[in-house]
Amino acid sequence: MKALLRSSVAVLTLGAMTSVAAADGQVVVYHWFEYIPQELVDKFTAETGIDVVMDTYDSNEAMLASLKAGGMGTYDVSVPGDYMVKIMASEGLLDTIAEGELANKGNISALWADPSFDPGRQHSIPYQWGSTSFAVNRDVYSGDISSTSILFNPPAELQGKINVLDSQGEVMAMAALHMGIPQCSTDREQLKALNDMLQSAKQGWASFNSDTAKEVLVSGDAAAGMIYDGFSAKAREEGANVEYAFPKEGYIAWMDNVVLLKDAPNRENALKFMDFLLVPENAAALTNWTRYGAGVEGVAPLLDEALRALPEANPTADAGKTVFIEACEQDVQAVYDTIWTNLKK
Amino acid sequence: MAGGTASSGGTAADTYKNARPWLLLPAWAFLGVFVLAPVFMMLVYSFLTKEFRGGVIWEFSTAAYDQFFFNRGLFGDEPPTIEWTYIAIFWRSIWQAATATLMALLIGFPTAYFIATRPEKLRPMWVFLITIPYWVNLLIRTVSMKFMLRDNGPINDFLVGTGLINEPITIINTNFAVQLGLFYSYLPFMVLPIYASVERYNFSLSEAAADLYASKWVTLRRILLPAVKPGVVAGCILVFVPSLGSFLAPDLLGGAKNFMIGSLIEEQFKGNAGNWPFGAAASMVLLTMVLILLLIFARQQARAQKGTG
Amino acid sequence: MRRAKLDIKSYPGFFAITLVCLLILYAPLLVVTVYSLNDSNSITNWEGVSLRWYVDVFSGPESQKFKAAAWNSFTIAIIAATVATTIATLAATAMIRSGAFKLRSLSFGLISLPLMVPEIVLAVATLIFFNSVGFTRGYGTILIAHIAFCIPFAYLPIAARMQGIDASYEQAAQDLYATKRQAFTRILLPMMMPGVISGFLLAFIVSLDDFIITNFVKGAGIETLPTAIFGSVKQGIKPNIMAISTLLLGVSILLVTISYVVSKSEKTK
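Residue numbers (our numbering), protein chains in the order written: chain A, 47 to 391; chain B, 14 to 322; chain C, 402 to 670.
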C-alpha cells in the first residue's frame, strides 16, 4: 500500500521536487526567524567552512508539532525555550552531549550551567535569556506598578485597557505567581480558585495579543500589557512612555537554548556550531543584536553601553524572584487546558 | 450547489460527455492524494488515543468526541452533562461568518455589478484593482486596518472633526471588529465570482422587463439576481466557508477574547494542550457541518429549479 | 436609445458603494505606504520621512533573506495559481458540460474540501503524509500543497461563469463541423475568460498570503514572505516589511498599467 502510494505520488509530482542535497559541509538549524544576525552566520561559515541551512518556526509548540510529525532526522539543532527543552528531553527528541564534546562548555556562566530544565546541560547550551512581566503606560497610570494586581485586579485607570499574551503558559504562570500558589498545582481548591480568579480578571482585559503585544502598547490601544523585556525596551525606544514592572510576587524568566537533536544528520558540525556560539565574542555580537541577555561568561565588557543600562535588564530593589514556566504533568495539564478554554470560550 | 446543477439553458449541456473522466482526472488525482488522503488520516486520528504533548497512540478511543459533547467538570470526574462550550464556540463562528458574508455581499454585489458594466477593455483593470491590496500580507494589512479603526485613529478623527459624532466610536476589540476582520479578509472572494457571472448577463432581459413596466429594483430581484445566482452562490461559499475556520484577522482586530473554531483547533496542534485527536475531532465536526449545509443548499436549489423549469 | 440602455444598466448608489469598497480596500495600504517612509524602528509611531527602509530592503544585512522570500512567494503563487486554474477549468468543464453523472456531488465535495478543513489540520495532516511517503520538504512540497488548496478558489468563479454560458454556442460550432477540442478552445474558453481570470487572481492571492500550511511543509532553507513576517516574533515586525509591501504594490500596479497599455494598443491596431 505504502509502496503503491509512494509510486503514484512520485508520478504525480514528477519534476516538482527539489531535494536538498546532503552536503557534508553543512549544519541544519531549526530556528526562530530573525533571531540570529546574518553577520554571525557568515562568520561561522568563514571560520569553519560549514554552510548554515536555516528553517524557521514561530512558536515552541509549532516546532515540537513539526518534529513529531516527522521532522526528526532532518535537523541538527533547534532553539527551544526553557520548558520546551525539558519536554523535548522527556519525549526523547534530544541527543546527549558527552563530556568533552564541547570545547567551550566551560564558558557557560555559572548561573546557567545547571538549570532546572536541563540539569548538567546534558542536551543544551544557553542562547539568549530574558524575562516576561508587564509594562504600564505611565501617561495613563502613575501609581505603584510593583504588583501583579495590575494585571489581575487592575486599578480603575487601567480597567478594560489591558492586553495579555495569547499564550496559556505565560498567563497561567503569572496567575499562579499572583495567587502565591505553585505552578502546576495538584491541589483542587487552588485550581478552582485559579479558574475563578482568571474569570474575574478577564473582565478587566481588552485583548489577548501576542503577535502585536508591543504594537498595542506603542499605539495606545492598550495601557498596560504582558510583554517580554526586550519588547518593552523597543516600545520605549519607539516613543511609548511605558515602564517595565518587576512585581514583588515574582515574574517569569525565559531562556532559549540551542539543543542537539537526536538523529542529527551532521552531528559534528552541530557541535562546532554550538562551540562557536559559546565564544564570548560571538555571544556578545548576538546579544548586541537581539538586545536580550547572554548566558556566557566574559560577555559583559563586550556589550553596548546602552544595553547594560536598560531598565528592563536591571530589576528594582523590591523585585520578586524569577521563575521559569513549568511543564505540567499530564493530568494537571488537562485541568489547565479546561481552565484556559473556560477563559476563552 | 455551484457547479452541481445542470445548466438552465434549453439544450442539454453534455458536449464533453466522453472526455469527462480525463477532464476530472487531474482534480481527482491531486485532491485525492494531497487533500482527501490527509483528511482521511485526520478522521482516523480523531478516533485514536491522544499522546501527551502532541501525536497519537494507535489505540481506538472516542475520548475526543466525548470531550466535545460531554462536560465532566474541571477535573474530569463529575457525571457527564451536555458540553455547551464547544457548541457555543461553533455557533459564534457561524454567526460571525454569516454576518461577514452578508456584509461582503452588500458591498461586493454592487461593486461587481458596477465593474461588469464598465467598457469591456477596462474591466480587467478593475478586477486587478480589487485584488491588488491582497498582494500585501494579511498581517500587515490587518495591523494597518487596526491603525485606521483606533479610538484616536484617522476614521474617528475624521468623524469627530466633521462633527458627525461627538465621541470616538470604539471599534477595536468588539464583536463588530471580528466581523470586519473576516469581511476584510475575504471581500474579493465575493466580488470576483459575481463579476464573472454578471459580465455574462444578457441586458436585453432587463430591457424587456423595463418595456413591461417593471421597476428597476423589481428587475434586479426577479430577472438579474436569478440569472447571476451561480456567481452569488460561489461568492458566498468562498467567503462563508473559509471564514468559519479563520481567526488571524478577527483575532487581531477583535482582541481574541473568545475562541473561534479556527483558533480552538489551532490550539490543539500548536498550543500547550497538544491534543491532536481532539483537534482532529473538532475539524471533523466542522467538516460534517459544512457538508450538511452545502447539501441542504444543493437540495433546495435543485427543488427550486424543478419548480421553475 | 443608447441613453435608455445605459439607464437600464445603471443602478443609483452602486457607484458610491464601489467607491466605498475601494476605500475599504485601499485605505490600509495608504498607511502601509506612508509608514514605509518612516524614519523609525516602529511600525506604529511616526518619526519623520526617510528612505532608510528601502535602502535596508536592497542592501541591509538581512536583505538577501527577504529578497529570496519575496521571490519564492511570487514564483510559487504564479505557478500554483496557473496549475490550479488549469485543473479547475478542466474540472468545471466536466462538471457542467458533460451531462448528469453519479459522482458529480462527490466530485464537488472533493473540490471544495480544502475550503472546509481548517488550515492547521490540513497543514499537520499534509506534513505527516509527506513524511510518510518520503518526500523531502522544500520548494516542491510547498508548491504541491499550494496547488491543492488553490483549486476550489479557482474552481468556483470558473464554474459560476460556465453555468451562465448557454451550451448552444458550442453545439452551433459543432454543427459547423468544429471538433470538440475546437469548440472548447475557440468558443467556450474565450467566453470563459472573465471567470478564468477571476479564478486565477483569487488562487494567486490565496497562495501569496498563505502562512499556516507553508510554515509546516516548507522544510529547511526556504522562506516565503508570510513565514518571514509571522516568524519575526523574537525581534518584532520592522518597517522593512512595509517597504517590501509597498514595492510589491508598485510591481502589481506596474503590471496592471502594462496590461492596460498593451490591451489599448491592440485595440487600436
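These are calculated hints, taken from the structure and not from any lab test. Some hints here could point you the wrong way.
Stated by the list, open to error - SDA-like, lysine to any residue: derived pairs with alpha carbons at most 20 angstroms apart:
#1 B:K270 <-> B:K134
#2 A:K294 <-> A:A380
#3 A:K248 <-> B:I95
#4 A:K391 <-> A:E216
#5 A:K391 <-> B:P93
#6 C:K468 <-> C:L648
#7 A:K391 <-> B:I95
#8 A:K367 <-> A:K238
#9 C:K665 <-> B:R131
#10 A:K318 <-> A:Q205
#11 B:K242 <-> C:S506
#12 B:K134 <-> C:M592
#13 C:K581 <-> C:M594
#14 A:K248 <-> B:N188
#15 B:K270 <-> A:K89
#16 A:K318 <-> A:Q84
#17 B:K30 <-> C:Y570
#18 C:K466 <-> C:R453
#19 C:K581 <-> B:D27
#20 B:K229 <-> C:S411
#21 C:K665 <-> C:L649
#22 A:K238 <-> A:Q205
#23 C:K410 <-> B:I236
#24 A:K89 <-> C:K410
#25 B:K30 <-> C:K639
#26 C:K410 <-> B:W139
#27 C:K410 <-> B:N188
#28 B:K270 <-> A:Q72
#29 B:K134 <-> C:L655
#30 C:K639 <-> C:S506
#31 C:K635 <-> A:M100
#32 A:K391 <-> A:A373
#33 A:K89 <-> A:G116
#34 B:K270 <-> B:I107
#35 B:K242 <-> B:R312
Inset, instruction - Starting from K639 of chain C, check that the Cα of S506 of chain C is at most 20 angstroms away, please. - result: 47 angstroms, violated
Inset, instruction - Given the hint that K270 of chain B pairs with I107 of chain B, test it: the Cα-Cα distance must not exceed 20 angstroms. - result: 17 angstroms, holds
Inset, instruction - Compare the distance between the alpha carbons of K391 of chain A and A373 of chain A with 20 angstroms, and conclude whether the hinted pair is satisfied. - result: Answer violated: K391 of chain A to A373 of chain A is near 23 angstroms, above 20 angstroms.
Inset, instruction - Quickly compare the C-alpha distance for K270 of chain B and Q72 of chain A to 20 angstroms and report which way the hint goes. - result: 44 angstroms, violated
Inset, instruction - For the pair supplied as a hint, K391 of chain A and E216 of chain A, confirm whether the alpha-carbon distance does not exceed 20 angstroms. - result: Holds - the C-alpha atoms of E216 of chain A and K391 of chain A are around 18 angstroms apart, at most 20 angstroms.
Inset, instruction - Quickly compare the C-alpha distance for K238 of chain A and Q205 of chain A to 20 angstroms and report which way the hint goes. - result: This hinted pair is violated, its Cα atoms lying about 24 angstroms apart.
Inset, instruction - Compare the distance between the alpha carbons of K242 of chain B and R312 of chain B with 20 angstroms, and conclude whether the hinted pair is satisfied. - result: 15 angstroms, holds
Legend entry - Satisfaction of hint between M592 of chain C and K134 of chain B, Cα-Cα up to 20 angstroms: Given pair K134 of chain B, M592 of chain C holds - Cα atoms ~14 angstroms apart, limit 20 angstroms.
Inset, instruction - Take the C-alpha atoms of K635 of chain C and M100 of chain A, compute the straight-line distance between them, and say whether it is at most 20 angstroms. - result: 16 angstroms, holds
Inset, instruction - Please work out if K391 of chain A and I95 of chain B have their alpha carbons no farther apart than 20 angstroms. - result: 15 angstroms, holds
Legend entry - Pair hint K270 of chain B and K89 of chain A, alpha-carbon separation not exceeding 20 angstroms: 45 angstroms, violated
Inset, instruction - Quickly compare the C-alpha distance for K30 of chain B and Y570 of chain C to 20 angstroms and report which way the hint goes. - result: 16 angstroms, holds
Violated hints, in rising order: 1, 2, 3, 8, 10, 15, 21, 22, 24, 25, 27, 28, 30, 32 and 33; the structure is consistent with all others.
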